[in-house]
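Chains A and B, in that order, are what the protein sequence lines are. Under the working numbering, residues 1 to 242 are what the first sequence spells out, in order. Under the working numbering, residues 243 to 580 are what the second sequence spells out, in order.
Hints were generated in silico from the structure; no laboratory data involved. Glycine residues also receive a C-beta, built at the ideal position from the N, C-alpha and C atoms. One or more hints might be untrue.
What the hints assert, rightly or not - From the derived model, a few chain A residues whose C-beta atoms are all more than 10 Å from chain B: (1) 6; (2) 17; (3) 81; (4) 82; (5) 85; (6) 107; (7) 165; (8) 240; (9) 242.
Stated by the list, open to error - Here are the simulated BS3-like cross-link-like pairs (lysine-lysine), alpha carbons at most 30 Å apart as the crow flies: (10) B:377 <-> B:419; (11) B:456 <-> A:77; (12) B:357 <-> A:238; (13) B:547 <-> A:77; (14) A:238 <-> A:90; (15) B:316 <-> B:301; (16) B:479 <-> B:418; (17) B:316 <-> B:352; (18) B:370 <-> A:77; (19) B:547 <-> B:418; (20) A:238 <-> B:316; (21) A:239 <-> B:377; (22) A:90 <-> B:250; (23) B:250 <-> A:239; (24) B:370 <-> B:357.
The primary structure of each chain is shown beneath.
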Amino acid sequence: MNKALVIARREFAAYWLSPIAYVVLGLFLFLNSYFFLNPMFFQMGIATTQNMFNFWGQLFIFFIPAVTMRLWAEERKQGTLELLLTYPAKVPELVFGKFLAALAFIGLGVILTLPAVFTVAHFGDLDWGPVVGGYLGGILMVSAYLSLGLFFSSLTENQIVAFLLTLFALLILNLSLFIQISESGNIPYWITWMLSLVGLGNHFLSLAKGVVSSQDVLYYLAFTAFFLWMNALVLEAKKWRG
Amino acid sequence: MIQVENLKKHYGPTQALAGVSFEVPRGEVLGFVGPNGAGKTTTMKILTGFLYPDEGSAKLGGLDVLEQPLETKKLVGYLPESNPLYMEMSVLAYLRFAADIRGVEGRYRKAAVEKVVRDCGLGGVKGKDIGELSKGYKQRVGLAQAMIHDPDILILDEPTSGLDPNQIVEIRNLIKKIGQERTVILSTHYLQEVEATCDRVIIIHQGRIVADDKLDRLVSQDGDLPLLLGVVGPEEKIRTQLQELAGKGNVESLDRRGDAFFCRLHGLPREMGNEAIFDLLVTRNGWKLVELHRETPRLETIFRKLTGGTEEPVPVEDEREEALAASSSPGEEKGGSE
Ligand SMILES: Nc1ncnc2c1ncn2[C@@H]1O[C@H](COP(=O)(O)OP(=O)(O)OP(=O)(O)O)[C@@H](O)[C@H]1O
Ligand SMILES: [Mg+2]
Chain A
1 MNKALVIARR EFAAYWLSPI AYVVLGLFLF LNSYFFLNPM FFQMGIATTQ NMFNFWGQLF
61 IFFIPAVTMR LWAEERKQGT LELLLTYPAK VPELVFGKFL AALAFIGLGV ILTLPAVFTV
121 AHFGDLDWGP VVGGYLGGIL MVSAYLSLGL FFSSLTENQI VAFLLTLFAL LILNLSLFIQ
181 ISESGNIPYW ITWMLSLVGL GNHFLSLAKG VVSSQDVLYY LAFTAFFLWM NALVLEAKKW
241 RG
Chain B
243 MIQVENLKKH YGPTQALAGV SFEVPRGEVL GFVGPNGAGK TTTMKILTGF LYPDEGSAKL
303 GGLDVLEQPL ETKKLVGYLP ESNPLYMEMS VLAYLRFAAD IRGVEGRYRK AAVEKVVRDC
363 GLGGVKGKDI GELSKGYKQR VGLAQAMIHD PDILILDEPT SGLDPNQIVE IRNLIKKIGQ
423 ERTVILSTHY LQEVEATCDR VIIIHQGRIV ADDKLDRLVS QDGDLPLLLG VVGPEEKIRT
483 QLQELAGKGN VESLDRRGDA FFCRLHGLPR EMGNEAIFDL LVTRNGWKLV ELHRETPRLE
543 TIFRKLTGGT EEPVPVEDER EEALAASSSP GEEKGGSE
């Protein structure tokens, strides 16, 4: 079997051996349906997934660090990294395996939001373009967040440190989201424009409007590839330093 | 099977290896000993591909660990010093994972797992979580994962450290069995372990090899192989007769127990065997011989000489107690300098 898949399978199974997984997933689904099915929706009577997607941009900032923090930090702490790096597998395969496991875990959470969407579609006239765009964009955005979290997890033995570093980095990369939210008028236009350009979540928001631009897709793919590659470099460097 | 040439490794300012070279032929069990911080673990990490050397090369089965890491890693099974395991996994789930990641084909996996479970005596605990196992059983799981792909080479870093005397004996027997078909490098602080399991020993000290030889030759190089004697008879006469045989100053009186007089005879030429002693004491004088054996100098003596241990070892009564003493307080044997 492919080495990345072997790693991914073990890691995915490992999620379910810790209570954190259930808490994270449960909380994600709860908050998601709370925002999705809040009274506003019923009052306005418009069938749309826009509320949910708007919320995802911020939600994942807090959930992804919890999903990735363990992945390398724990291997370093327990010393199992030493065995992992002596298996006949390339470092990028190991990294990709971990990434796949985390993606599968979050993917499961995302799939479990679908019943809510179908419910809405049942009651109203749902425009499927933004739905498809939102889910596609959501997976791409999550991939980017995960790659960043994996990278930070490889830097430390301490899960909490990995969590905080990832959270902090995601907050900074998403400043534009929060500025848009606070709608403060006294920030010069060019700053918000710059921020939205690097803004990790922004590309998702435009995808979730149903506008699938190759630029947004490429942005996430490049971001993901870059941090997975950095992750592999960190592990390679460990072989030199010991 | 293993060729190591002039390995050097620094950790920051600390020099861990200062040019280590050795070879291990196929099928040999090599004991790796040396004081704490000597560089044993570092050497093993380089062989297993976990660590890159600053200089020098290491070849396994003719392949360079830096140039063909994927190929050399397939040849090796590794038990790291800290025996890291996924504690939350069950023994079976972990061994299946080890088989998969080691590239054991799916259809052979079941048989491979069953074999190591049997060989390592894990049958009774295979359904348990690794975290629940005692240290000895964790060590067995560590050995099992190292052997899951039936590797030609096994690298075991202190496989028996921290185990109780019974477990030590069991793991040692296991290693002996493993070593019949494979090339093994094993590091340890228990010198009896080397004497019991290894064909050859390398003593490493401050990142350099200070001794590398077959165990018996290394030990006999130490020269003097004294004879231990117990004779029932007149002490003075016995002493004079022995002195005639071996020369003055070579008879070291030890003890009287009951009627018997015990002494240690030094400086006898090696070819003068037990027969000569028996002839002299029994045939010619008609005394009773209650003890006669050649003391082999212990590896411990050589180890201490080469690695600069200065403190006298605590005297111990016999080997069994010595094994116990060593296993309960391993610090005693480590006594070298860092
Ligand atoms: N990760 C590391 N970072 C810095 N120094 C290290 C590291 N690992 C080992 N060293 C140093 O390198 C030297 C050799 O260490 P090594 O672990 O190879 O010794 P050892 O022979 O295995 O000792 P022990 O018998 O205690 O296991 C020591 O001085 C040690 O302090
Ligand atoms: Mg060591």
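Problem - Pair hint residue 239 of chain A and residue 377 of chain B, alpha-carbon separation not exceeding 30 Å - result: 28 Å, holds
Handout entry: Given hint residue 419 of chain B paired with residue 377 of chain B - CA-CA distance at most 30 Å
Key = 21 Å, holds
Exercise for the section: Test the statement that residue 82 of chain A is away from the interface with chain B: the closest C-beta pair must be farther apart than 10 Å. Expected result: Per Cβ check, residue 82 of chain A is inside 10 Å of chain B; nearest 5 Å; violated.
Practice task
Could you let me know if the closest chain B CB is still more than 10 Å away from the CB of residue 85 of chain A?
Solution key: With a cut-off of 10 Å, residue 85 of chain A comes too close to chain B, as the shortest Cβ separation is near 5 Å.
Problem - Exclusion check [residue 17 of chain A not at the chain B interface, CB over 10 Å] - result: Label violated. Min Cβ-Cβ 5 Å, cutoff 10 Å.
Handout entry: Holds or violated: residue 370 of chain B to residue 77 of chain A, with C-alpha atoms at most 30 Å apart
Key = 23 Å, holds
Exercise for the section: Taking the shortest Cβ-to-Cβ distance between residue 240 of chain A and chain B, state whether it exceeds 10 Å. Expected result: 5 Å, violated
Practice task
Would you mind confirming whether the straight-line C-alpha gap from residue 250 of chain B to residue 239 of chain A stays at or under 30 Å?
Solution key: Satisfied, since the Cα-Cα distance of roughly 14 Å is no more than 30 Å.
Problem - Status of the stated non-contact between residue 165 of chain A and chain B (beta carbon gap over 10 Å) - result: 24 Å, holds
Practice task
Sort out whether residue 357 of chain B lies within 30 Å of residue 370 of chain B, counting only the CA atoms.
Solution key: 18 Å, holds
Exercise for the section: Mind checking the alpha carbons of residue 357 of chain B and residue 238 of chain A for me, to see if they're no more than 30 Å apart? Expected result: 34 Å, violated
Handout entry: Proposed proximity, residue 90 of chain A with residue 238 of chain A (alpha carbon, max 30 Å)
Key = Satisfied, since the Cα-Cα distance of roughly 14 Å is no more than 30 Å.
In this structure, the hints that do not hold are numbers 1, 2, 3, 4, 5, 8, 9, 11, 12, 13 and 16, in rising order.
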